[in-house]
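Enquirer: The residues making up each chain are set out below.
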Amino acid sequence: MQHLTRPVLLLLTVFLLLGAARWAIPRMFNQISFAIQDRTVPVGTLLGAGGHANVPQDIEAWKARQVQYAGPASCTQCHQESVAQWKVGDHAGVSCETCHGVASDHTANETPLPTETSSALCTLCHSTTLGRPSSFSQVKVHQHAGEATCASCHNPHNPGVQGLPTDLIRPKPSAPLVQHVVVAEANCTMCHGQGRLRPYPQDHAGWQSPGCLLCHETGPTPTLVGASATLGAPFAGLVQAPSVPHVTDGVPSCTRCHDSGAVRPFPQDHIGWSAGVCLLCHQAGPAPAVGGTAVGSPAAGGGGDAPRGVSISTISADGLPPLPHTVVGYTQCQDCHGSDQFRPFPSDHQGWEITECLLCHKSK
Amino acid sequence: MGITRRSFLRRAAVVLAGVAAAGAGWSYLKGLAQSANEAPDQAASLPSAPVQQRTPQPHHWAFVVDTTKCIGCGKCVAACKEENNVPEDPHFNRTWVERYVIDEQGEAYVDSPDAGVHGFESWPVNSKYQNIQVVKSFFVSKLCNQCENPPCVQVCPVGATYKTEDGVILVNRSRCIGCRYCIQACPYGARFLDPNLRVADKCTWCYHRISKGMDPACVEVCPVGARMFGDPADPDSAVAKALRENRISVLKPNLGTRPQVFYIGLDQEVR
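Here the protein sequences line up with chains A and B, keeping their order.
When we follow the numbering used here, the leftmost residue of the first sequence carries the number -8, and every step to the right adds one.
When we follow the numbering used here, the leftmost residue of the second sequence carries the number 22, and every step to the right adds one.
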């Protein structure tokens, strides 16, 4: 019996010590525990048995965790009015729950979701702070608003200037004055650019024809076309833009001849022009037909023809060659004169149809 | 006296083995019962809202941080704590925001007050910079890099931390013995010992969200789009576009860990 009691007592002592340690150690080192407080460590784990055998099970456990932030899609179902304001405002890129907080309980069970209204929520992003990108909208809160709360002026869903009541929009004292009358319907950025503003347009890229006459006054003789005249007035004299040396009435597109981007004063070549454009500049010749040896009028009794170019003929005030023949009956000027490097008369007859011969060559 | 020392030891070994087997079996059964109990609850409490579904084919996720956009509001840190039940204590974080301030002499100052969870606007946080000629300053948010070659996985003595097929490093909480070896091994300081669960914890890229087609919580709440998440293999995704069109770097590339968190506009001061 003596042989039995000794090991049994030894074993009991060991168990008692282990139990005591298990109770005492987590209490002694509360922050740095041995991780034996709440869990049983299976013997197999300690021995490394099983290895990664339970990884798939663990992945599923991670996947199954509960989602807290429900995502903006779940807000649009009920809060259409707020969402409509939010979508068009400067906060459109900010998720609902960034300000409103976790909403999954609210969306699932319709528990109330209290709205934080203090300015602290706003200043977290918008108070001037070292480290913020300078382009980000930030203010020295006290200078900007005194004791007023942000929400007393700004609509958090649409906080920008366009969301402010008009009587609250204050011009910044440091901002330069507008150098001309402001046309109500005018779009400032069309001339002054977006993003980094430029004081006056440096190039004409992306401009549409009607915009030209906002700055450029029309030529000496006739009148301007309707609305352009009134739009042009506010800018007259304030903008150093050369006046247009020809009538603009009936001209479909300024950029057609003068190009966009770096505007050129007159067309340098004829690339891409269709026949209708030729007569904008080139006057039709005296009827019936003049010029070259064998050039004849395609139309009988040429005296009666009213050349199509007449109504806009005043454009060619700058000494462009008048056409040496009438244009009635001709549809494609480039057929004879080329479209690229313009040639005054057809230099060869390559590629011409037989029907075209008699356009120039008279029959006996 | 029918018992010899030899037979006693033999019987004792058998009894001990039996007790150990019974214990292991019991904890296994308990685990099964627990997971069976929990699963339906969690399924029922999911939000009913439709979530944007990502394509079902296998992914390999990546994360992009645009340091040129970050405003240091700390919403990401707060959202992470809320979403993942990370302790409120600012010493324990799965993600945090650092501010770098570089003065005229090129001296770099780094601060991360309360991990950035309350932002950087308060006076006490900024007073130390009032006499410094600041040349540049910017925010850098940090999180687990979900390395392709993760040192933390390599060192874990019990195989509790592992990499998923889609490239996320997870910790098996029922296996982790809280030895902190992985915390030492992580060159980015991305791991901590959860003071309540007493297991290693770290960013999972919100594995429960991304596997449902949602963005991680920090990406969701970032008001300026400084955090992006997605699959670079999808050319239309925000991360693929960001990786394609920007100058990209990773933290501590010399360590060969091959981080999957990519940074835009990272400065040389950032480690």
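Hints are computed from structural coordinates only; laboratory data are not their basis.
We put the CB at the ideal spot given by N, CA and C, even for glycine.
Please note that a few of the clues may not be correct.
Heads up, simulated BS3-like pairs for lysine-lysine below, C-alpha to C-alpha not over 25 Å straight-line [stated by the list, open to error]:
hint : chain 1 : residue 1 : chain 2 : residue 2
1    : B       : Lys149    : B       : Lys273
2    : B       : Lys149    : A       : Lys131
3    : B       : Lys262    : B       : Lys149
4    : A       : Lys54     : B       : Lys233
5    : B       : Lys262    : B       : Lys273
6    : B       : Lys149    : A       : Lys78
7    : B       : Lys273    : A       : Lys78
8    : B       : Lys233    : B       : Lys149
9    : A       : Lys54     : B       : Lys184
10   : A       : Lys131    : B       : Lys90
11   : B       : Lys157    : B       : Lys273
12   : B       : Lys233    : B       : Lys273
13   : B       : Lys233    : B       : Lys157
14   : A       : Lys131    : B       : Lys157
15   : B       : Lys184    : B       : Lys233
16   : B       : Lys90     : B       : Lys184
A few chain A residues that don't get close to chain B, going by computed Cβ distances all over 10 Å [claimed, not checked]:
hint : residue
17   : Leu2
18   : Thr89
19   : Thr108
20   : Gln129
21   : Thr140
Each pair of labels, with its calculated beta carbon distance range [said to hold, decoys possible]:
hint : chain 1 : residue 1 : chain 2 : residue 2 : range
22   : B       : Val271    : A       : Gln325    : 40 to 50 Å
23   : A       : Leu3      : B       : Val35     : 11 to 21 Å
24   : B       : Leu276    : A       : Ala142    : 18 to 28 Å
25   : B       : Gln154    : A       : Thr67     : 20 to 30 Å
Enquirer: I'd like to know which numbered hints this structure contradicts. Please list them from smallest to largest.
Expert: Structure breaks hints 1, 3, 6, 7, 8, 12, 13, 16, 17, 18, 20, 22, 24, 25.
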